[in-house]
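Start from chain E and add chain W according to the hints.
Going down the list, the protein sequences come from chains E and W.
Counted the way my numbering counts, the first sequence spans residues 1 to 100.
Counted the way my numbering counts, the second sequence spans residues 101 to 467.
In case anyone wonders, no lab produced these hints; they're calculated from the structure.
Any given hint could turn out to be false.
Straight-line C-alpha distance at most 25 Å; calculated DSS-like pairs for lysine-lysine [said to hold, decoys possible]:
#	chain 1	residue 1	chain 2	residue 2
1	W	Lys-130	W	Lys-279
2	W	Lys-290	E	Lys-13
3	W	Lys-410	W	Lys-290
4	W	Lys-410	E	Lys-13
5	W	Lys-257	W	Lys-332
6	W	Lys-220	W	Lys-279
7	W	Lys-276	W	Lys-363
8	W	Lys-436	W	Lys-279
9	W	Lys-212	W	Lys-279
10	W	Lys-220	E	Lys-78
11	W	Lys-257	E	Lys-17
12	W	Lys-332	W	Lys-220
13	E	Lys-17	W	Lys-410
14	W	Lys-363	W	Lys-220
15	W	Lys-178	W	Lys-212
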Amino acid sequence: LSYQQHSKRAQRKDWIKLIYSSSLTPEQILSEDPSNDVVDSAKPTDDDFFTIKSEAAIGNEDHDDDRSKPTLNEEDFKEWEEEELLDSIRGLFITGSSNE
Amino acid sequence: MTSTATSSILSFSGHQYLRHRLVLSILSAKTVKIDKIRSDDKNPGLRDYEVSLLRLLERVTNGTVIEISVTGTAILLKPGIIAGGAVTHECPLSRSIGYFLEPLIMLAPFAKKPLNLTLKGITTDDQDLSADLIRTVTLPHLQLFGISEGLELRIRKRGSPPLGGGEVQFLCPIVKQAKTLNFVEPGKIKRIRGIAHAVRISPQFSNRMIEASRSVLNRYIPDIYLYSDVYKGEDSGKSPGYALSLLAESTTGAIHCAEATSKPGTAPEDIALLASRALLVEVRRGGCVDRQHQTVVLMMMVLGSEDVGKCRMGEPTPRTIQFLRDVRDTFGTSFKIVPADSSSPGTVELIYSCYGTGYVNANRSLA
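Bound conformation, chain E alone (with noise of 0.2 Å):
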């Protein structure tokens, strides 16, 4: 369920505008909500005179680094062993009805 309310959300993205008139980061632009995320990305008072560094600028050695697989973590990947979820995508093959 969680998963197509996230696919509304996202479907109802007018991407263009967010890849070539925003500036959001790619994540941002991914995340379930953009706009709350644009706020506390560089807002600077008055009084800031140090900067802290996001964790991940000061780096994790080398987490993420152009790699074009994905991070497969098999807690993502519990919900497969539901029957329910198994059989939903049946109709993605040509063995399944198209109405299933």
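Relative to chain E, chain W alone:
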């Protein structure tokens, strides 16, 4: 992050997206400057595999000038012509050969001479496309653009991490121009293919992976062939390892792929289940091209003849989003991205279309 639109020098910051930025520079013949390469990192500058990639690009091209700052946090690349020809390269063990092949695949069709590239190192890891997926999935994507005759990847030796010892040979023909793509019908999955391999370890592991994978996939279609690929002795590299690479092909030729590789303390059955479920996730995402192949397809669409190319794909990945931005800065091409009238309401399918730049391979030696 951004650069001045379509000026003759491309400027980028950061270590991310290095490969596609170098490819864009070479294809467009525009000098690229990249600064702030891990400048805030406790270990700043380029990594060994990035330096290795620059050296490889230098050898595959002719007249390319590469300057790396003393600290390694900035580079300047003035591209020469894509020369092609016979090149052998030893890849560092920090990245698999897929890291090096992926950008080369976008450049090679536009070389002066057909590329005959031998790469040595790790053939399968969990970060980049394995030699198996490049051979069975990536290369068929090039065929969509008329790059096919003599296109081949031979896996001569396998090499698992950490010590590698693998070797592949990539043969790529040259073309005058990439054909315009019109790929909007995803079709239905008609067959599943897979390659299981286990090196320097019991060959039974391959069979165990195949059996476990079938326990998930058999319910969908009968046309499933999972092949146990055996390499022996010297040809199996220096380290033990195993993996399962899967692909699902549709009635219209759309291919979705997934892969899982051995991890210490994980049974081959679990690796196979992971690969199989990851394949189902890709299939569910729909479209004609999977996530791992978005950028190569979009790149070829940009280079296509002066006509509107169209492709149906799922939501863009973060890398694809940045790639689209960098393409616009380099070639001035923006894509139109609109929802496809999706039959299944649960997925996001989009139609990506652009007007090809009419890129002509000027390097090609006329016979």
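*Return the numbers of the hints above that this structure violates; sort them in rising order.*
2, 6, 7, 10, 11
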